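J.: Sequence:
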Amino acid sequence: MNTVVDFTRQLNDYLNTFEQLARKYDHSIHHAEQMELAINAYSHWITDKRHESFWAEKEHEGGTGFTQLVLDLRHQSSRCVAIMEKYRALKLQHGEVEIADYFKNIEECIEKEFGSFHVTSDSKVLLIGSGAFPMTPLLIARRTGAQVVGIDIDEEAIGLGRTVVNTLGAGLRIHLQKASVHELDFTKEATHIIFSSTVAMKYDILDQLHSLTNEHVVVAMRYGNGLKSLFNYPQQETDPLKWRLVDNILRPHDVFDIALYQKPSHVG
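Under our numbering, the residue at position 195 of the sequence shown is numbered 193, and the numbers go up by one with no gaps.
Treat the hints as calculated values from the structure; they're not laboratory data. Any given hint might turn out to be false.
As the list claims (entries may be wrong) - Straight-line distance between alpha carbons at most 30 angstroms, and here's what the computed DSSO-like set of lysine-lysine pairs gives: (1) Lys261 - Lys240; (2) Lys122 - Lys176; (3) Lys22 - Lys176; (4) Lys186 - Lys89; (5) Lys176 - Lys186; (6) Lys186 - Lys122.
What the hints assert, rightly or not - Pair ranges (Cβ atoms, derived): (7) Asp24 - Phe64: 31 to 37 angstroms; (8) Glu17 - Glu153: 20 to 26 angstroms; (9) Phe64 - Ser26: 44 to 50 angstroms; (10) Met199 - Gly169: 44 to 50 angstroms; (11) Val3 - Gln91: 40 to 46 angstroms.
Nothing here was measured: the structure is a model prediction, and the numbers come from that model. Ideal placement from N, C-alpha and C gives every residue a C-beta, glycine not left out.
Could you put together the complete structure from these sequences and hints?
T.: Listed below in structure tokens is the structure:
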């Protein structure tokens, strides 16, 4: 790719690919390989430093057309990630357990999630947007013994996720349910909260969480700015009387970065 025109053309190509792949999902694994290839290629494309200058040029140039393209790509790629998790869960039911490059990257990100705010066996972790293949609950519960609750608005994802947990995490303290944060008693007990990067309304939910959580809670917000905003919902300002940014874990080679928040009375 040599010009900003090529850059924009590739974005449109990815958008068309994701729209087509999303339409093909029929609750089977028929198109799983196509989805996996597309998401893996996009993950590498997003983290390729050579594209940053083209992104900066287009962002400076502005225009409603490019803004809409970014919004559409973010929506469709997030949608396809959710479907890819469903494919992975369905493939597990067929005895297939290989991990695509995208999921390897995510699992590496999970290792660094909370920085100095360590999760222990006494921790209570809430994951918002747990998806159909709940890797984060499985990894946290397996490695720390913590109690983990995952919520999602997608009923099919919750059903598939429970099957995955029963298969790969029997005996672990993991509970998945279709619910919102204000419907859970666990929200008040949570010591750590993680937002999936593909939750569109995550900063609205974070605002709601101020009155629903205890004073010591730590929130890990997965996000993507710049090029990564083509794949993740970006970071936003918070009400400083409710939430303060206490750490920003930038991962240049990962598909998302992590912002850590605490309530102002417990910062520092």
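J.: Against each hint, give a clear statement of whether it holds in the structure.
T.: Taking the hints in turn, this is what the structure says about them:
1. Lys261 - Lys240: Given pair Lys261, Lys240 holds - Cα atoms ~6 angstroms apart, limit 30 angstroms.
2. Lys122 - Lys176: holds, 18 angstroms
3. Lys22 - Lys176: holds, 25 angstroms
4. Lys186 - Lys89: At roughly 35 angstroms apart (the allowed maximum being 30 angstroms), Lys89 and Lys186 break the hint.
5. Lys176 - Lys186: Between Lys176 and Lys186 the Cα gap is close to 17 angstroms, so the pair holds against 30 angstroms.
6. Lys186 - Lys122: Distance of about 10 angstroms is within 30 angstroms: holds.
7. Asp24 - Phe64: 31 to 37 angstroms: Given a distance of about 33 angstroms, which is inside 31 to 37 angstroms, the answer is holds.
8. Glu17 - Glu153: 20 to 26 angstroms: holds, 23 angstroms
9. Phe64 - Ser26: 44 to 50 angstroms: violated, 36 angstroms
10. Met199 - Gly169: 44 to 50 angstroms: Cβ of Met199 to Cβ of Gly169: about 34 angstroms, so the range 44 to 50 angstroms is violated.
11. Val3 - Gln91: 40 to 46 angstroms: holds, 44 angstroms
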